[in-house]
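*Asks:* Here is how the chains run, residue by residue.
Protein chains: 4
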Amino acid sequence: MATHSDPRLLDTAQLEAVLAEFARVRDWDRHHTPRNLLLALTGEVGELVEIFQWKPDAQAEGIMNTDEAEHVRQEVADVFLYLMRLVMVLGIDLDDAVRKKIALNAIKYPPKTEC
Amino acid sequence: MATHSDPRLLDTAQLEAVLAEFARVRDWDRHHTPRNLLLALTGEVGELVEIFQWKPDAQAEGIMNTDEAEHVRQEVADVFLYLMRLVMVLGIDLDDAVRKKIALNAIKYPPKTEC
Amino acid sequence: MATHSDPRLLDTAQLEAVLAEFARVRDWDRHHTPRNLLLALTGEVGELVEIFQWKPDAQAEGIMNTDEAEHVRQEVADVFLYLMRLVMVLGIDLDDAVRKKIALNAIKYPPKTEC
Amino acid sequence: MATHSDPRLLDTAQLEAVLAEFARVRDWDRHHTPRNLLLALTGEVGELVEIFQWKPDAQAEGIMNTDEAEHVRQEVADVFLYLMRLVMVLGIDLDDAVRKKIALNAIKYPPKTEC
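Going line by line, the protein sequences match chains A, B, C and D. Numbered according to our numbering, the first sequence terminates at residue 115, and the numbering increases by one at each position without gaps. Numbered according to our numbering, the second sequence terminates at residue 115, and the numbering increases by one at each position without gaps. Numbered according to our numbering, the third sequence terminates at residue 115, and the numbering increases by one at each position without gaps. Numbered according to our numbering, the fourth sequence terminates at residue 115, and the numbering increases by one at each position without gaps.
Take the hints with a grain of salt, since some may be wrong.
One copy or two, either will do: identical chains are not told apart, so a pair holds if it fits within one copy or between any two.
Said to hold, decoys possible - Okay, derived cross-link-like pairs now, EDC-like style, lysine to aspartate or glutamate, Cα gap no bigger than 20 Å in a straight line:
id, residue 1, residue 2
1, K101, D11
2, K112, D57
3, K108, D67
4, K108, D27
5, K55, E68
6, K100, E68
7, K108, D96
8, K101, E70
9, K108, E50
10, K55, D67
11, K55, E70
12, K101, D67
13, K100, D11
14, K101, E21
15, K112, D27
16, K101, E68
The hints are simulated quantities; they were obtained by calculation from the structure and are not laboratory data. In this text the structure is predicted, and so the values were computed from the model without any measurement.
Using the sequences provided together with the hints, build the complete structure.
*Replies:* As structure tokens, this is what we get:
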């Protein structure tokens, strides 16, 4: 079980530096308010979901072996990038938040006992 | 500008190992199909968005200084954790996907020229 | 095929009158901005989706025969009510919008020819 | 206050008949499972939200006076049409669900007393 005192699970420092500079040179910081980013995140989740909306489970599971793989990768990246920008503008330590949440989940959902 | 040959921006290896084990000991892998995870991701985005739905921008920007900060951190973590599980079951290299998408965005949205 | 000159498909006049009064006596109009309502809509879609996230298709199809039926009805109503409030604050004629969209869809997706 | 014994607030009978026939002649019923429709609904909400994601509140409020009005109307219609298809495949009486939910909301959120 992961606990808060465990070593870091996630390192996003380089990404955050790149995204901060990316926004700065485009004068995007004033657009990247929490509510704008939440709407943008919702929009990107919508685009990702649309790829899968009519696909049976077996087809969805095999999608990375098709010519839609690159599209999926791009939409997953878009969702993640807007989430990271939200994390950044809110000043959240994502690694810390993730470790605490995993620790809470571990209590809420104990592992199945194996007999 | 970030390009595909740049060094990694993101390291999720430890997190992926922890999440894989977390799911394994709970027998969750059979539930973590791409479409189930997309619905779960949508649900968590909904929970995150609800925190902000009636808040004016100034209040949204200051939310991490209020007693709702922990709630925000938990919902951000939930969104990210389901996105990571989707990344894992689809076999996506998130760092690679992110670097390629940033490179595409850099072409699509050139920086403002500074005179 | 439905066209713009067809009779109305949808009558929401009574509902709109009730919702307008409901908001008025609660002083909610100032909160019901388009962006607030879009975030609220996203939140309610999240709540609706969560009911179905871990259910196989057969279980999802039979959900109205279970004790989750009332929950589904309430979340569907919540999604619809926020969409109606958005329609109202934007001054959209939903029946007109729906008929035009059906006409566009009919052109975009011609019926399968039956031999 | 609306109660369950009140007259109908909403009439969708004609729309449901048109949508049923629209799906039938395109052989779409087998694709319109609850989970597919929920993913499609999420996708359309994403498309609607994207129109508003970078707009300040004042601009969002005036959008129907711009050349984006028709786009908004189409996306609102798309969200509503997938919600109606979900209502249809689940066999929900939307008017009944809406009246019950409004009655619940009236109890949960009593009107402000006016002095």
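*Asks:* State the violated hints by number, sorted upward, taking the hints as numbered earlier in the document.
*Replies:* 2, 3
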